[in-house]
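Chains as they are written, first to last, in UniProt numbering: chain A, 1 to 212; chain H, 1 to 212; chain Y, 1 to 212; chain P, 1 to 212; chain E, 1 to 212; chain U, 1 to 212.
Incorrect hints may have been included.
Pairs involving identical chains hold if they fit within one copy or between any two copies, as the list cannot separate such chains.
What the hints assert, rightly or not - Here are the simulated lysine-lysine pairs, DSS-like style, with alpha carbons at most 25 Å apart:
(1) Lys192 / Lys203
(2) Lys205 / Lys183
(3) Lys192 / Lys202
(4) Lys192 / Lys68
Hint data in this document are derived by calculation from the structure and do not stem from the laboratory.
For clarity, every value in this text was computed on a predicted model and none was experimentally measured.
Number of protein chains: 6
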Amino acid sequence: MLTILFLFLLFSSTPFSANAAVQDFCVADPTLPEGPAGYSCKKPASVTVKDFTFSGFEKAGNTSNIIKAAVTPAFAAQFPGVNGLGISAARLDLAPGGVIPLHTHPGGSELLVVTEGCIQAGFISSANTLYYEILAEGDAMVFPQGLLHFQINVGDGNAVAIVSFSSPSPGLQITPIALFGSKNFPSSIIEKITFLDDAQVKKLKGVLGGTG
Amino acid sequence: MLTILFLFLLFSSTPFSANAAVQDFCVADPTLPEGPAGYSCKKPASVTVKDFTFSGFEKAGNTSNIIKAAVTPAFAAQFPGVNGLGISAARLDLAPGGVIPLHTHPGGSELLVVTEGCIQAGFISSANTLYYEILAEGDAMVFPQGLLHFQINVGDGNAVAIVSFSSPSPGLQITPIALFGSKNFPSSIIEKITFLDDAQVKKLKGVLGGTG
Amino acid sequence: MLTILFLFLLFSSTPFSANAAVQDFCVADPTLPEGPAGYSCKKPASVTVKDFTFSGFEKAGNTSNIIKAAVTPAFAAQFPGVNGLGISAARLDLAPGGVIPLHTHPGGSELLVVTEGCIQAGFISSANTLYYEILAEGDAMVFPQGLLHFQINVGDGNAVAIVSFSSPSPGLQITPIALFGSKNFPSSIIEKITFLDDAQVKKLKGVLGGTG
Amino acid sequence: MLTILFLFLLFSSTPFSANAAVQDFCVADPTLPEGPAGYSCKKPASVTVKDFTFSGFEKAGNTSNIIKAAVTPAFAAQFPGVNGLGISAARLDLAPGGVIPLHTHPGGSELLVVTEGCIQAGFISSANTLYYEILAEGDAMVFPQGLLHFQINVGDGNAVAIVSFSSPSPGLQITPIALFGSKNFPSSIIEKITFLDDAQVKKLKGVLGGTG
Amino acid sequence: MLTILFLFLLFSSTPFSANAAVQDFCVADPTLPEGPAGYSCKKPASVTVKDFTFSGFEKAGNTSNIIKAAVTPAFAAQFPGVNGLGISAARLDLAPGGVIPLHTHPGGSELLVVTEGCIQAGFISSANTLYYEILAEGDAMVFPQGLLHFQINVGDGNAVAIVSFSSPSPGLQITPIALFGSKNFPSSIIEKITFLDDAQVKKLKGVLGGTG
Amino acid sequence: MLTILFLFLLFSSTPFSANAAVQDFCVADPTLPEGPAGYSCKKPASVTVKDFTFSGFEKAGNTSNIIKAAVTPAFAAQFPGVNGLGISAARLDLAPGGVIPLHTHPGGSELLVVTEGCIQAGFISSANTLYYEILAEGDAMVFPQGLLHFQINVGDGNAVAIVSFSSPSPGLQITPIALFGSKNFPSSIIEKITFLDDAQVKKLKGVLGGTG
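Just chain A, with the same shape it has in the complex (with noise of 0.2 Å):
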């Protein structure tokens, strides 16, 4: 067969030719050691079409906390066919009023697509000029790699995006969670490099439970 005496051609120099076929793809194992540019990959063989897809985006995030919003992830830890393939996605979930809070994202960029709702988003660039729109349903924003960023509900309604990374892991940093919400970070250092008020501070870390 063809086929057959293809594939024998191709790989009949090595014992492993299904590893040598796992190149088109390397779905995650997390069994197995991470390293710099993702997980290490599943043997192809185990590899199913489930690895492909990922079913976590029907249903909206719950959104009963103080942001009234949700971030449902498909990174490759949640999603394990993306890992090694520069791409990654998820799902926002903004009830009325709810507020993705600033944040970053420092391994990729983001594109952002308004799927029902009205949401007003922004990034501030190195230079501190201010890039911000009202988007409707249908309208598409990228978010430079890196950059501070932030999507509001600002519709009478509901508010839901899909996004897109152009990382398997592109990681997210809330700013003020990582100020207020972290363990032992002393107030008196969050206030000399942030110029925020004592009071402040405490205030917010009661709200976002830091200590120290």
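Given chain A, put chains H, Y, P, E and U in place with the hints provided.
Relative to the frame of chain A, chains H, Y, P, E and U by itself:
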């Protein structure tokens, strides 16, 4: 003012601080030369939030064609703000029975999220294994870079998907159009490299406009 | 001794100087986990010059098959020394009338040098333009990453080419084998995504071993 | 002459051997278009050793400002020779009590070496863990790409550090200046995305020059 | 026509669809600015198959020189089609006794395939280990990026090799020519940094044309 | 608590949230396999601030050797926190008359900052042009990846420099040690590839410990 002071300190040794700031992003300027890494950058002073937003996804693409489908791209050529950021997107519309034929994206991986209807999608690996699945609204699937894949509307109504790519210019090569829609592509060569019959090749050239 | 002194100074603060030195290269060890960047590295102490040499190109591949052609790869799976180095190679043999059918390399660009005979080679761009040429001994041609291309022996005798790739594991997806040689690929889907007739699809599945 | 001979052989088939040689480096020419990979290159013939040297680190930066600190960058905009080489540097000066406020470098990681005095430095991970340490002269610390970090002079005298970056244009986004020093950034939005009180926001805008 | 229809749909939102298509490749246009990623791209409309083919390997290079060897490069400067594709090639000719002296390629790894004769080739690792082998016709060897290596014709007749590189512009720095063939390189410095005797340095400068 | 809530939302679909967070950094664990992109990562739970700090630069290296110089590296092998971050550093100490001999870094570019004394530094381009300069305290110079370069103390006292690299494992290949300090490197080959006299080669092998 501290802001001014900082920017002064930061760029005091250069006459072009604005250029330095552009390093946050590189909005495509198609009037300047293009390079292997993408389009040249617009001068930061002329960049506005409009460069980072895209409005082409609001309405369905025109599916009144033989594949009953439409692709609306937001690549660097249509969405200048994604230039250099390693990401882009597109909207897929498939009328009942619509099909995105067998194709590849030479420059990147694709992540698809179904936002309406029901799509059967799949890809073929280098090891000649087919990975395919029927995706409902909210389901996602990833297609590794450069591999043959397809999408078919298998529902009763319209199907819509938001797809993103790991490149600002992933490219799109539709196999049957490359074969049967190209100009001056001798049928004798097509037959040799595909094993297809002469009658089949000539029939499809007639449909898809190929010559030679 | 200065040598010793240098190495001592260079690695005195680490217990694993040998590991540090491996950063020059990363010879594939297929018994260890594989990651998105390639195979894990052999311990430097067990690396020999044999890991950096490959002897599979001396003799012609077996062209006694229906395409009258053979591909002998020296990818990371066959040539461990290229792992992580962004390069690999292969030998192509085409008997008179031999053909390397329509194919892509998902992971890299290809540079072909004819070392014997006369080969007609070409690729198709995303803009559906065919670029093809007849190459004599000593002629070279480059095929950009991920684009459909082919090679045909148009001479009277055997043709041989040395090809190199911009990846240690470029992959090889032969379009007609992906379509007609895969297992469990329903003909109804193949027909929808290629516009081919049912009879044509079934005929080629019979030749190439596809099922479903 | 062998030299001439070699260069002749090496570039005999091109009319622009000088351009070929520039591939060793790409000294920034800010008068030409900029692309995603950096500035365009000066013509090799006009490159001199001055392009590869930088003299801005001899003297302390001016710390007569409210943060009692100064940053003297040697990025591609100030040091053309680093363009395209994946590295750049800066000198930090902190008077007693001086602070480099909370900031990120969107484009690269930072490696700091204290050359004088005593600096308390730290960063916060995406998992909201604070990693911080007091660094004496000769101590080094690395800050992973895109993560929030800071430096504080905790000694009695001046503190100086040489920092390097994994990018020729790493960028610098100082969180409080981005928030309170930007033009036309509505306080109502700042409050929503940071949880800060209105009075706090307006107070810091007054100090840092923000409007809107 | 479907082809037209597709291209229309694909690029209907941009006035420069031709530019978008160039993303498949970026044929070097040396008359435009060069950047860190390579040469600027020719306009797709003026690209022809000639840009993707190279004919300089048909005939042997001129080995009538003191090293009895010749290098015929097909780098981006000589072969515009490889620009941006991460690959290039060269032909090596070595007359009996011919030598490619000690050299490095700053920008890429090399893969050598002997097509005629018998070549002794080797490289030295950072750990000061020599890896060398005698290669017969059809043998291949890889030289990791940036490491010192060499090739010697140890057969009775001519030797020829096709070499490929993991960069379109790998560069070539021949150590003895860099030392003894450069202009204005003071012998006193050469002696300090190489431990060579003054007489040896001056003798070789005489042979290789160095001054200073 | 919002923090907990966020982390829960963020990682609720995965059993290994800690692994996901490691994507901020990948601290080297030399006990696990190494890959082309670097060392495997320590489990985040066991990472401490000590992994991100390095204390080897406080004191001068030992310059009691024939080059009167010392290199103290902080590469990934010595400084685990830089693994995967594209940066590393080293301290250079040169006693009066001290020299860092001709060398290359196969894996990265170098940026040198003089912190004490006076250093003459230079590199040679592929076009055989020498770029060199005398650097005083506070002066910086960049050496493009893979090119031959050197540093000489031309002052009356000690000289010290902090150097950084665009790679966590740039490598260091000292040309005279590679030639005259390697084991089993036949003098006859060294002479052929360098044009050096037999006496000179044997003399330096005696000094630098080479054999063969």
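- Item | Structure versus earlier hints, numbers of those that do not hold, lowest first | none
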